Amino acid sequence: DSGVTQTPKHLITATGQRVTLRCSPRSGDLSVYWYQQSLDQGLQFLIQYYNGEERAKGNILERFSAQQFPDLHSELNLSSLELGDSALYFCASSARGGATNIQYFGAGTRLSVL
Amino acid sequence: GNSVTQMEGPVTLSEEAFLTINCTYTATGYPSLFWYVQYPGEGLQLLLKATKADDKGSNKGFEATYRKETTSFHLEKGSVQVSDSAVYFCALSGREQGGSEKLVFGKGTKLTVNP
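In order, the protein sequence lines correspond to chains Z and H. Using the working numbering, the first residue of the first sequence is number 57, and each one after it goes up by one. Using the working numbering, the first residue of the second sequence is number 2, and each one after it goes up by one.
Next comes chain Z alone, as it looks inside the complex:
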């Protein structure tokens, strides 16, 4: 068990809908990362938060947004969903966010857009 909790494990929804994915980092970890895993794109970085502040953005669509709350949990919001958004979404956390810090991954949320 990595200590990173993601809910829900599975989400099935329709095109045009909006969903929220939740992540609770390991106790004490300040940095949260979101990644998308799809068959065609592989594992891609979406966004990073550090202690409540956005630190970096990757290939995140404008329809997607995220935030990190004062208790350090994070949510990834996906709106106007398209079939191509179907993927496995992972959250990872690390202690301070440095390049040598290990990122611990949750089990992921599998999103299916029908």
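Simulated from the structure, these hints should not be mistaken for laboratory data. Among the hints, erroneous ones may be present.
A few chain Z residues that face chain H, going by a derived Cβ cut-off under 8 Å, partial list only [stated by the list, open to error]:
| hint | residue |
| --- | --- |
| 1 | S58 |
| 2 | G59 |
| 3 | Q104 |
| 4 | A163 |
Listed next, the stretches of chain H that the computed footprint assigns to chain Z, with coverage defined by at least 3 CB atoms under 8 Å from CB atoms of chain Z [to be verified]:
| hint | region |
| --- | --- |
| 5 | 34 to 48 |
| 6 | 57 to 68 |
Distance condition first, Cα-Cα at most 25 Å in a straight line; then the derived BS3-like pairs of lysine-lysine [to be verified]:
| hint | chain 1 | residue 1 | chain 2 | residue 2 |
| --- | --- | --- | --- | --- |
| 7 | Z | K65 | H | K108 |
| 8 | H | K111 | Z | K65 |
| 9 | H | K69 | H | K57 |
| 10 | H | K61 | H | K108 |
| 11 | H | K108 | Z | K113 |
| 12 | H | K111 | H | K57 |
Values in this document were obtained by computation on a predicted structure and should not be read as measured data. Using N, Cα and C, we set each Cβ at its ideal position, and we do this for glycine too.
Start from chain Z and add chain H according to the hints.
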């Protein structure tokens, strides 16, 4: 930007065979290098890491050495077991423009070990 190229599978081996999965990288500066493993239906688990040139990471019989001169971080295991069947990802983390220490992953190599 930073990138990782790893041997694409699938790789199928018999139990007790020798395993090598090649990984090379492109990065500015001195990235940290990682191997993650993903078992079916699970998230990614760190297998091993190395943070500077010539460091050797090792765990559960797996090893990889950070070779700056060849920009490589090949994964090896002397004798694989059925329980090693999984997808293996090579990744790097380095300070890029914007300050993120995001992980950049290779495409993954699926390993199947037959009894």
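Hint-by-hint comparison with the structure:
| no. | hint | result |
| --- | --- | --- |
| 1 | S58 | holds, 7 Å |
| 2 | G59 | violated, 11 Å |
| 3 | Q104 | holds, 5 Å |
| 4 | A163 | holds, 4 Å |
| 5 | 34 to 48 | holds (count 7) |
| 6 | 57 to 68 | violated (count 0) |
| 7 | Z:K65 x H:K108 | holds, 23 Å |
| 8 | H:K111 x Z:K65 | holds, 23 Å |
| 9 | H:K69 x H:K57 | holds, 12 Å |
| 10 | H:K61 x H:K108 | holds, 23 Å |
| 11 | H:K108 x Z:K113 | holds, 20 Å |
| 12 | H:K111 x H:K57 | holds, 23 Å |
Figure legend: structure checked against the earlier numbered hints; hints not met, in rising order: 2 and 6.
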